[in-house]
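Chemist: Given chain U's structure and the hints, the job is docking chain Y onto it.
Listed in order, the protein sequences are those of chains U and Y. As numbered in the numbering used here, residues 1 to 225 make up the first sequence, in order. As numbered in the numbering used here, residues 226 to 454 make up the second sequence, in order.
Check before you lean on any hint, since a few could be wrong.
The calculated lysine-lysine pairs, modelled on BS3-like cross-linking and capped at a C-alpha distance of 30 Å, are [to be verified]:
#	chain 1	residue 1	chain 2	residue 2
1	Y	K278	Y	K369
2	U	K52	Y	K369
3	U	K64	Y	K312
4	U	K64	U	K95
5	U	K52	Y	K278
6	Y	K276	U	K52
7	Y	K369	Y	K312
8	U	K52	U	K95
Hints were generated in silico from the structure; no laboratory data involved.
Residues per chain, in single letters:
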Amino acid sequence: MIVLRDVIQQFGGRVVLEIPELRFMSSRRYGMIGENGSGKTTLLRLLAGTSKPGSGTIEGLEGKTVGYLPQAPYAFSFSVLQNVELALEGHREAKELAEKVLVAVGMESLANARGDRLSGGEAQRMALARVLVRSYDVLLLDEPTSSTDVRSMDLIEQTLREYVQRTQCTLIFSTHSPAQALRLADEVLYLEKGRLVEQGPAREMFHSPRDERTKAFLRHWSFSS
Amino acid sequence: MIKQVLELLFGADPELRQIIGVTLRMSVFSTLISALIGIPWGVAMGANQFKGKAILSRITNTLMGLPPVVAGLIVFMVLSRSGPLGKLSLLYSVSAMVIAQVVLISPIIAGMTANVVSLRAPSINETCAGIGIFGWKRLWLTIKECRIPFVTTVLAGFGRSIAEVGAVQMVGGNIQFKTRVMTTAIMMQTNMGRFELAVALGVVLLIISFIINSLVHRIQEQTQRDRTA
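Next up, chain U with everything else stripped away, as it sits in the complex (with noise of 0.2 Å):
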């Protein structure tokens, strides 16, 4: 279980992320929904231990393997193949999980394609196969569909149901859509202004939200979507 208590995140004195408590039960999946600057990637950047956070304490992670997908990944100017195996240094097989996690997401043709010049969603599925290469503890996913096709964004939910299931991981993951959180996660929490607003089981949360800025929101999805 990894317990965050009493967190506060920072910017040039202003407040980004302000939480009193908050749980993520092992091998449960997460989603994370809320606008822009609600809190979601500084929150996923703190679990991934890329930035630290200015007070309060991330506990349960000590001695586990985090696997975590940027919402900016870098695409290395070698092949895609290269890319992925990249996550792989030293291990025997390399090549071959490469070629598979490649399959899994629909890139198995761009394999020898340049990690440069794929357009957007192609980078962005090369990045999510880097990442699912290997097997983590601790899943978290920074918008992992974000700039892909409809098409793509099936094979790569069902890759990901196919991972957590057979991992056992915890995945945290953040989207802009509600839908996709709800299709993907156990438990979805609602974010906004750097603060959660309500957490609870997917289906329970967009059926009947709590709150009345969780009902506004998804509200606004509705009619936006």
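Modeler: Same frame as chain U, but now just chain Y:
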């Protein structure tokens, strides 16, 4: 005068050839040494967050705009007989000119390198952290991804080196057949009213400058094409 200039350019004038030779030797050596200092300095600044980075960045930016005569003065004082390195007797030699050039160009290469690296490093660092790559391996990947812009920074350093006059005049002394380079020769010949040699050297400088700029432009175009393809 054009005829005389062409005769100098395509003839076998020993002084002209010697001046061009000294200029290229000085510029190539000073650029290589500056790259060896400036690139690691710039990578360290651009790829990492550390205490004192802001002040180091400010110092580097200040040194990037260091007036050549000030660099010349510092090197002159250090190498002069009463200076800390006076015993080496390097003053008025090509080595002294190379040292002055290194003082001038290293911060320029460092600053440009830091800019190039800092554009890519945040994304590379975050991506690498996400798949468990840290330390030297991450740094090596960052350097590898910046290799083409690094060539541009080194070429810019060479361009600055070959066009420099103030510092090399002070520590080199513009000695005929020893430390006279194209820029100091142009200045002296102009002052003496001997425009043929000055123009011939100016043409050579312009041609070299054009070649360097063309190379930089080509590299930048190629990089742009790779990014948008």
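Chemist: Decide, hint by hint, whether the structure agrees.
Modeler: Do the hints match the structure? See the list:
1. Y:K278 - Y:K369: Cα-Cα ~23 Å, so holds.
2. U:K52 - Y:K369: holds, 28 Å
3. U:K64 - Y:K312: violated, 60 Å
4. U:K64 - U:K95: Within the cut-off at roughly 25 Å; holds.
5. U:K52 - Y:K278: holds, 18 Å
6. Y:K276 - U:K52: holds, 15 Å
7. Y:K369 - Y:K312: violated, 41 Å
8. U:K52 - U:K95: violated, 34 Å
Hint compliance for this structure: hints 3, 7, 8 are broken, all remaining hints hold.
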